[in-house]
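J.: Residue strings, one per chain:
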Amino acid sequence: MKPHDLELLSAYLDGQLNPSDSARLKTRLKSDRELASVMDDLRTARGYLRQLPLRRAPRNFTLTRKMVGQNPPMPRAYPFFRVATTLATLLFFLTYGFNFLAPQLVSQPGYGMGGGGVEAYSAEAPAAAATEAPAATEAPAEPQLSAPALTATPEIAQDRIMETPSAKNGVEPTEPTVDLFAQTQPEMPAQEPPPLISTVWQYILLGVAVFGAALMLVMRSLSVRRWK
Amino acid sequence: MTLGVKPLHSDKITPMNEQALIQDAQGGNLDAFNSLILHYQDSVFNTALRILSDDDLAADATQDAFISAFKSINSYRGGSFKAWLMRTVTNACYDELRRQKRRPTTPLEPDTEDGEEMDSPRWLADTNMTPDQVAEADELEHAIQHCLNNLPLEFKSVVIMADIQGMDYTEVAVAIKVPLGTIKSRLARARLRLRECLQGFEELLPSSFRLEVEGRAQ
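Same order as they appear, the protein sequences are chains U and B. First residue of the first sequence: 1, per the numbering used here; consecutive thereafter. First residue of the second sequence: 1001, per the numbering used here; consecutive thereafter.
Bear in mind the hints are in silico, worked out from the structure with no lab data behind them. None of the hints are false.
Taking lysine-lysine and the BS3-like style, the derived pairs with C-alpha atoms no more than 27 Å apart in a straight line are:
| id | chain 1 | residue 1 | chain 2 | residue 2 |
| --- | --- | --- | --- | --- |
| 1 | B | Lys-1177 | B | Lys-1082 |
| 2 | B | Lys-1177 | B | Lys-1071 |
| 3 | U | Lys-66 | B | Lys-1071 |
| 4 | B | Lys-1177 | B | Lys-1101 |
| 5 | U | Lys-2 | B | Lys-1177 |
| 6 | U | Lys-66 | B | Lys-1082 |
| 7 | B | Lys-1082 | B | Lys-1071 |
| 8 | U | Lys-2 | U | Lys-30 |
| 9 | U | Lys-26 | U | Lys-2 |
Make a model of the complete structure from these sequences and hints.
T.: Here is the structure:
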């Protein structure tokens, strides 16, 4: 059996042959027993398949909006509020972070612009004391002279300086420098620089973010309700 | 744009109504598409069932096919909608078969003492059939499904669409995306192979059915 004949028989069975081919095949089927036998086989096979019971779907396959990822139609202003809220939230956290981190960055040694923060200033204090101290104790004074003076009150510092041999020897003490440190040192932590970005702006950004989010929530719930 | 066609709640759809529903569905109208689903779900499920030979997998493939069809409905450019749907479900079945090949699984259905799979009780649920008819129908279905499973996949899908679904050659060609000549050739060879396979089951097939087929052949 030629493959072409097989195709012809199958197509003939389904009525897919043109009239001339169909007539020719009919004549051949009458004379060719093998062809007729194959034709019967094909017809039987098709008959079996057509007898196969068609099963009903076990359930309905209808789709829900969730299944296809459909979202309710939002108002036109919705994207604007979404962008504004996102931007305000981002800016709020950025300003907050910037205000928090900026003083710490500035205080780092070797940080450019010559320093100038609270910590930088207090870090310079011992160095200044170390350089100033020898001036106050040029005479064979106690080497620890300046150190207790830094922590003592001005009156105590004054008493101690007066008791030193150098003072007794008539060397002009350089109390003003010692006094200066003794008075200024405890006040240093109070010199906190103002925030780089005003807190008013932060409140505004926070307000925009919260208001925008709330508005979006309302818009969304209204749209969903209308959509349903 | 929706045409405002009232979605049908029955599965009766005229060709004109079908086009309107398709256009509505292309505009995003899910209700219109659900009407089409109700109309075609039996055909789509049966195709999946014959390809996959498993009820649960067929149901999953059918659902996937409908979801995929809705998402890509704008790619439908006219012609037979059934053929277009059949292409979608065939692709879903091929995906499932590929997945099974990668990760083979063992069915949890209990076996009989002989080691044969137990019959599904679905026929028992049909109150219109006598127990004998139920048994005959079950035997016939098992035999045909067994022979279908022995066919190469490309033959199987053609014969399912042409002979079980009753689609014409052009529709099958659209659904399988192969030329008409290939469909003719595959169908002829598939039928011959099925005939050879079913001859081994001749004694098992229902007597009434044998007579019916023989009578038609004469």
